[in-house]
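Protein chains in written order, with my numbering: chain A, 1025 to 1286; chain B, 0 to 229.
Read the hints as simulated data drawn from the structure, not as lab findings. The reader is advised that the hints may include incorrect statements.
As the list claims (entries may be wrong) - So these bits of chain A aren't anywhere near chain B, every CB distance computed over 10 Å:
(1) Val1152
(2) Asn1154
(3) Val1166
(4) Ile1167
(5) Arg1197
(6) Gly1200
(7) Leu1201
(8) Ala1205
(9) Gln1234
(10) Glu1243
(11) Arg1252
(12) Ser1264
(13) Arg1271
(14) Asp1273
(15) Leu1281
(16) Leu1283
Stated by the list, open to error - Residues from chain B that keep clear of chain A, each with C-beta distances beyond 10 Å, as calculated:
(17) Leu94
(18) Lys95
(19) Glu105
(20) Val106
(21) Asp113
(22) His121
(23) Leu122
(24) Lys137
(25) Glu172
(26) Val191
(27) Lys201
(28) Val203
(29) Thr204
(30) Met207
(31) Lys216
(32) Gly227
Claimed, not checked - Pairs of lysine to aspartate or glutamate, DMTMM-like flavour, derived with a Cα cap of 25 Å:
(33) B:Lys138 with B:Glu66
(34) A:Lys1223 with B:Glu66
(35) A:Lys1256 with B:Glu184
(36) B:Lys137 with B:Glu175
(37) B:Lys197 with A:Glu1209
(38) B:Lys201 with A:Asp1170
For glycine and all other residues, C-beta sits at the position ideal for the given N, C-alpha and C.
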Amino acid sequence: MDHSKQTQYGSNEKKDSGDTGSVLNGHFDAMVKRSAGGTVRPAAPQPPGAESGAHRPAASVMECWREERTRSVEDNEMSLPSLAAAYTTILRGLGEDPQRQGLLKTPWRAATAMQFFTKGYQEKIIDVLNDAIFDEDHDEMVIVKDIDMFSMCEHHLVPIFGRVHIGYLPNKRVLGLSKLARIVEIYSRRLQVQERLTKQIAVAITEALQPTGVGVVIEATHMCMVMRGVQKMNSKTVTSTMLGVFREDPKTRDEFLTLIRS
Amino acid sequence: MEVHCATETNGNVLMDTMLSSCIEYKHRDSGKEEKDSTEDPDSTKTFCIAKAYSTILSELGENVEREGLLRTPLRAAKAMQFFTKGYQETTQAILKDAIFNENHDEVVLVKDIDLFSLCEHHLVPFIGKAHIAYLPNKKVVGLSKLARIVEIFSRRLQVQERLTKQIATAINEALEPAGVAVVIEAAHMCMVMRGVQKMNAKTVTSVMLGTFQEDPKSREEFLSLTLGKF
Chain A
1025 MDHSKQTQYG
1035 SNEKKDSGDT
1045 GSVLNGHFDA
1055 MVKRSAGGTV
1065 RPAAPQPPGA
1075 ESGAHRPAAS
1085 VMECWREERT
1095 RSVEDNEMSL
1105 PSLAAAYTTI
1115 LRGLGEDPQR
1125 QGLLKTPWRA
1135 ATAMQFFTKG
1145 YQEKIIDVLN
1155 DAIFDEDHDE
1165 MVIVKDIDMF
1175 SMCEHHLVPI
1185 FGRVHIGYLP
1195 NKRVLGLSKL
1205 ARIVEIYSRR
1215 LQVQERLTKQ
1225 IAVAITEALQ
1235 PTGVGVVIEA
1245 THMCMVMRGV
1255 QKMNSKTVTS
1265 TMLGVFREDP
1275 KTRDEFLTLI
1285 RS
Chain B
0 MEVHCATETN
10 GNVLMDTMLS
20 SCIEYKHRDS
30 GKEEKDSTED
40 PDSTKTFCIA
50 KAYSTILSEL
60 GENVEREGLL
70 RTPLRAAKAM
80 QFFTKGYQET
90 TQAILKDAIF
100 NENHDEVVLV
110 KDIDLFSLCE
120 HHLVPFIGKA
130 HIAYLPNKKV
140 VGLSKLARIV
150 EIFSRRLQVQ
160 ERLTKQIATA
170 INEALEPAGV
180 AVVIEAAHMC
190 MVMRGVQKMN
200 AKTVTSVMLG
210 TFQEDPKSRE
220 EFLSLTLGKF
């Protein structure tokens, strides 16, 4: 199967080879995690996981996917003491007593919680998608809607939560449905900006499947707007990314938007 | 700076070596920052919290130099200070002018007060609504003051049970009414976003004092007024 054929999209979704980090939250390739006594973890090229080459993504996609991972489980364990110490400092700075019973283990719990909220940095799309792309002669819209999404605002480190609706028009290949939700998880469990999150999900599906078109709509509530600042309780932010035929054909886009609303 | 903790259960301020060394660092470092002739203890604390957030960002594997994160430590520190501003406030300060003599002895209910607090175990928000009722005993309070009391106690590191009790106790002590009832229903992000990950779970806690505790009919009236739709 020829994977070098790239579907043309309205916007420039191709990443520059020198700036692949920009789509991926600015992560470095081969980021040095520790300066003192730690190991440098270069991002080694990952061999394609699937036995059959039929579903192996193109090399540029591999390049991009390889760089997603900037944290490992071992990194998490090694970071915990510093994270916990930082949270202890925060508790004292806020005027609380970290020695009182309710707060004794809070620095560790908060550190572990924050690592969970950013576990998207540990995961790679290719691990999630490898086995779940199937040949199917289906060229009608596939929609998975109301996917609960939880993210962290990168500006205030405060939760964002909402729903994601994804639609795509397959081009001979379909994706396991839960994998769409897993893609949402990988990108949402990071420090994010809603606009970037929407685009990353759309681009990941595009690169994995090369479909005729992809549409992603996210509506979310930002706690940074609700709990502080302007304090608008009921405000929702809606962002969308339309690629391929979803962008070019208004009827397709209409159909998608109607179906996610119903 | 003295921090007023309105009840004894939320602990005292301690300056320990970690915080004092952070402050020392700031003084040493102040040549690189704006010169401020009056050293403001609040801004020192903000600086220390921001430094801690900077550490957190880099330990999580992020690039702290990228554009979106450049000022995040400071923003996050200020946000966290806003979320815990209840420590600086007291019920006496906000209630002093708003208690009036009134010959009213029927239920006064203020419901659906939006509430935002921080779980003290995970430092993650919990959000919900508070419903407060009291039976006046010659004294009524300005209605918004009930919401302000909720704000004082909710803008802290909290446990929902304690929060409910603190609100009820504060109203009881300020007004000496015949009865007070407080119900809070909230969604805890620590349960929704992580851990057991139950999206729709809500936690409901209530405290009934005085008549609301002793007389089932008063309690029933309160609950039906709170839950009913008008």
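A quick look at each hint next to the structure:
no., hint, result
1, Val1152, "holds, 18 Å"
2, Asn1154, "holds, 23 Å"
3, Val1166, "holds, 24 Å"
4, Ile1167, "holds, 20 Å"
5, Arg1197, "holds, 30 Å"
6, Gly1200, "holds, 21 Å"
7, Leu1201, "holds, 19 Å"
8, Ala1205, "holds, 13 Å"
9, Gln1234, "holds, 30 Å"
10, Glu1243, "holds, 15 Å"
11, Arg1252, "violated, 5 Å"
12, Ser1264, "holds, 20 Å"
13, Arg1271, "holds, 26 Å"
14, Asp1273, "holds, 33 Å"
15, Leu1281, "holds, 24 Å"
16, Leu1283, "holds, 22 Å"
17, Leu94, "holds, 22 Å"
18, Lys95, "holds, 23 Å"
19, Glu105, "holds, 29 Å"
20, Val106, "holds, 26 Å"
21, Asp113, "violated, 6 Å"
22, His121, "violated, 5 Å"
23, Leu122, "violated, 4 Å"
24, Lys137, "holds, 35 Å"
25, Glu172, "holds, 23 Å"
26, Val191, "violated, 7 Å"
27, Lys201, "holds, 15 Å"
28, Val203, "holds, 20 Å"
29, Thr204, "holds, 16 Å"
30, Met207, "holds, 24 Å"
31, Lys216, "holds, 34 Å"
32, Gly227, "holds, 22 Å"
33, B:Lys138 with B:Glu66, "violated, 55 Å"
34, A:Lys1223 with B:Glu66, "holds, 18 Å"
35, A:Lys1256 with B:Glu184, "holds, 20 Å"
36, B:Lys137 with B:Glu175, "holds, 9 Å"
37, B:Lys197 with A:Glu1209, "holds, 16 Å"
38, B:Lys201 with A:Asp1170, "holds, 20 Å"
In terms of the numbered hints stated before, the structure departs from hints 11, 21, 22, 23, 26 and 33, listed from lowest to highest.
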